[in-house]
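J.: Sequence:
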Amino acid sequence: MNKLRPRTGRLRGAPAGPASTSAPAADEAVRGISDALSEIDKKLSNARQAVAKSDGQRETLERRLAQLNDDVGKAKGRELLKTDVDDFLQDLQASLHKKSVGSYERLLTALAYDVLKTDDEIGLDLYTERGLPALDIFVKSGEHRENIIDGCGGSMTNVVSLGLRMIATVRSGMRKFVALDEPDCWIAPSKVPNFYGVIDDVGEKLDMQSLLISHHALELMPEGFAISKLYKDGDRIICQNDPTADTWSDEQAGIRRIRMLNFMSHEDTDVRLAPGATAIIGDNHIGKSCVIRALRAVTYGEISDADIQHGCKKVAVEIEIENGRVIRLTRQPGRNPVNEWTLEDLEGNILTDADTRTEYRSGGRSAPDWVGVISGIQKFEGLEHQLSHQKFPVFLLGEKPSTRASVLSIGRESGYVQKMIERQRQKSRSDADLIKRGETEVAQIQEQLQKLHAFTEIAGDLRDIDGELSTFREAHARTVDAGRLVQRLEAADRQIDATQPILEVLEVIPDDVPSIRENTEKREEISRIGRAFADIETRLKRAEATKSALPDELPEPPVSSDLSSIDALIEKLEKTENAISAAHTSSSKIDADLRVTAEKLDAALASAGNVCPLCKNNIEHAHDIL
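If you read the sequence shown in my numbering, its first letter stands for residue 1076, the second for the next number, and so on.
If you are wondering where the hints come from, they were derived from the structure by calculation, not from laboratory data.
Hints are not guaranteed to be accurate.
What the hints assert, rightly or not - Label pairs and their in silico Cβ distance ranges:
no. : residue 1 : residue 2 : range
1   : Gly1152   : Val1245   : 39 to 47 Å
2   : Val1245   : Ala1381   : 28 to 36 Å
3   : Ala1292   : Gly1248   : 33 to 41 Å
4   : Thr1322   : Met1495   : 30 to 38 Å
5   : Leu1426   : Lys1174   : 42 to 50 Å
6   : Pro1264   : Gly1438   : 40 to 48 Å
7   : Asn1222   : Pro1264   : 24 to 32 Å
8   : Thr1554   : Glu1516   : 53 to 61 Å
9   : Phe1163   : Glu1514   : 27 to 35 Å
10  : Glu1298   : Asn1222   : 33 to 41 Å
11  : Ser1379   : Gly1248   : 27 to 35 Å
12  : Ala1169   : Asp1321   : 47 to 55 Å
As the list claims (entries may be wrong) - Listed next, the in silico DSS-like pairs over lysine-lysine satisfying Cα-Cα at most 27 Å (straight line):
no. : residue 1 : residue 2
13  : Lys1389   : Lys1151
14  : Lys1307   : Lys1466
15  : Lys1173   : Lys1280
16  : Lys1251   : Lys1466
17  : Lys1304   : Lys1389
18  : Lys1304   : Lys1251
19  : Lys1215   : Lys1174
20  : Lys1174   : Lys1192
21  : Lys1173   : Lys1251
22  : Lys1174   : Lys1157
23  : Lys1215   : Lys1266
24  : Lys1511   : Lys1173
25  : Lys1466   : Lys1266
26  : Lys1215   : Lys1173
It should be emphasised that the depicted structure is a prediction, and the values quoted were computed from it without experimental measurement.
Where is the CB? At the ideal position from N, CA and C, for every residue including glycine.
Throw the hints in and build the complete structure from the sequences for me.
T.: Encoded structure:
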């Protein structure tokens, strides 16, 4: 037993009593250091995030600063060239204006001379008003200017208005057609042939169709005019058309005829126009101006119930143009829509838009856009340059200077230059604003970058702290490991102290102890022998009981004299045994057949949905019907 006894030595320097009381304090100190390290890690993580965020902000600000420096630099460069660019554009506009103005001045002066035989020159003064081209039209009288409306006679107003209307029609790019209602109203009869001669001559040179309403005699009309005369036949107005009105080719652009049905005083009047100039003459108050009013109704939508002839329920106006097309307007009170425009062929069939596959049929109070496009008659800059009004014969002279310049376009080129000037003006304002805002933003960015520079130094400090902290963590880890080792040693020492009393008891046990295993085997052998004796005793008791039940003498054995019945019985038993065996074999075969049949029935029932096809009852298993 002595060779199994452990040694009970202690750690060098360890106290003789229980575990050292300094261990809890040491553990508390270690935990305190660990908590402090965790807190430091959190603060360092926050600091790193702040530094990373500052790096991103600094990069963004530096890119923005570079972009601003580039944009502001370019804007300042453009500002240095602003005066030169403005001067160039102004000179270009003046040059184009002078070019256009010069041609207009010569044309209007020639018209005035051809009609009035005057040496007065028509002058046009171009200037800029509120950033837009403006135009004054006047008569030059030596070094003085005379206002055409207030300072000159009506005849000059008629001539200049005619010239301006024709110029505007050409410049508009629309149909070269003008309808003039008494354009000679202030011209002396002696000058009327000259006036009409100018219309005929200019119309031929410009390929412009014209329609005139005149009260002058037929003898005052040029030979080139087609004359349509209105007269009354009872209560009905008849139009006697000029034969030259039928000299159109199919594709030749122009208005062929104007038909009025129940329109004002016209029950059914068909006015035919020639390719050049057509004059409508007739008595006063016969309905000559209704022809131009009919044009305005179709193209401008100027129609009302008052235009329907008395006693009629419906009014219609037709305008025939090139390629066999007819623009038709009807108005019928109570109908929805009350006004309807259609584009038809000469047989009255409504035409279809080739692009949209829709009929040219529109209703409403205003003329649809397609009417203006197809007829070629629309307002230009809000003015009615193609269709004059009987009560307002003056054209453009009474408008604002900027409107006059815009309508005459004083060269479309000047419009392009004006757009360039406006764009330059906007660009200059934008550059000035960019420079102002840009310099302010640059200063703000530089200030922010200066503040963010401190984060660069902080980043270096964080790297130093990380190095020192890493060294401290390693030392702390070693301290923790040493503490755990000390705790294990102290626990082992406590276990040794706890087993010391047991060792002291074991010291008194002798070395020579009988083998426990040998004693156990002997006890088991004794138990086995005891069980054997008990079994023998039991068997003896049963033998005694059997012996006491037997008779004192054995009976005589029976002697059989005839064994044939026994042989027959044995043979019958053998047959019965064979029959039973055959029955078992047949039963096994029947069971097998029944199982196969049941499987087939189950499959058939499954395919039938477990429903009897005859009675339609539900059958769960095959044995339900076997």
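J.: For every hint, state whether the structure bears it out.
T.: We went through each hint and held it up to the structure:
1. A C-beta distance of roughly 43 Å is found between Gly1152 and Val1245, which places it inside the suggested range of 39 to 47 Å.
2. Separated by about 35 Å at the C-beta atoms, Val1245 and Ala1381 satisfy the suggested range of 28 to 36 Å.
3. Checked against the hint of 33 to 41 Å, the pair Ala1292 and Gly1248 passes, with Cβ atoms roughly 37 Å apart.
4. Distance hint for Thr1322 and Met1495: a CB-CB separation of about 47 Å, inconsistent with the stated range 30 to 38 Å.
5. Between Leu1426 and Lys1174 the CB atoms are about 43 Å apart, so this pair conforms to the stated range of 42 to 50 Å.
6. Hint check: Pro1264 to Gly1438, Cβ distance near 46 Å, so the stated range 40 to 48 Å holds.
7. At about 26 Å, the CB distance of Asn1222 to Pro1264 agrees with the hint of 24 to 32 Å.
8. The given range of 53 to 61 Å is respected by Thr1554 and Glu1516, whose C-beta atoms sit roughly 55 Å from each other.
9. Taking the beta carbon of each, Phe1163 and Glu1514 are about 28 Å apart, inside 27 to 35 Å as hinted.
10. At roughly 37 Å, the beta-carbon separation of Glu1298 and Asn1222 lies within the given 33 to 41 Å, and the hint holds.
11. The hinted range of 27 to 35 Å is satisfied by Ser1379 and Gly1248, whose Cβ atoms lie roughly 31 Å apart.
12. One distance hint, 47 to 55 Å for the beta-carbon pair Ala1169 and Asp1321, holds here, with the actual separation near 50 Å.
13. With a CA separation close to 70 Å, the supplied pair Lys1389 and Lys1151 exceeds the 27 Å bound.
14. Among the hinted pairs, Lys1307 with Lys1466 is consistent with the structure: their alpha-carbon atoms are about 24 Å apart, no more than 27 Å.
15. Under the criterion of a C-alpha separation no larger than 27 Å, the hint pairing Lys1173 with Lys1280 is consistent with the structure, at around 24 Å.
16. Simply put, Lys1251 and Lys1466 have alpha-carbon atoms about 23 Å apart, close enough for the 27 Å limit, and the pair holds.
17. A C-alpha spacing of about 26 Å is found between Lys1304 and Lys1389, which places the hinted pair at or below 27 Å, so the restraint holds.
18. Of the pairs offered as hints, the one joining Lys1304 and Lys1251 holds, with about 24 Å between alpha carbons and a cut-off of 27 Å not exceeded.
19. Under the criterion of a C-alpha separation no larger than 27 Å, the hint pairing Lys1215 with Lys1174 is consistent with the structure, at around 19 Å.
20. As the CA atoms of Lys1174 and Lys1192 are separated by approximately 26 Å, the hinted pair is consistent with the 27 Å bound.
21. At most 27 Å may separate the alpha-carbon atoms for a hinted pair to count; Lys1173 and Lys1251 meet this at roughly 25 Å.
22. A C-alpha spacing of about 26 Å is found between Lys1174 and Lys1157, which places the hinted pair at or below 27 Å, so the restraint holds.
23. As the CA atoms of Lys1215 and Lys1266 are separated by approximately 22 Å, the hinted pair is consistent with the 27 Å bound.
24. Straight-line distance between C-alpha atoms of Lys1511 and Lys1173 comes to about 39 Å, which puts the hinted pair past the 27 Å bound.
25. Our distance criterion of 27 Å between C-alpha atoms is met by Lys1466 and Lys1266, whose separation comes to about 21 Å.
26. Pair hint Lys1215 plus Lys1173 holds up; C-alpha atoms about 17 Å apart against a cutoff of 27 Å.
Going down the numbered hints, you'll see the structure goes against 4, 13 and 24, while the others check out.
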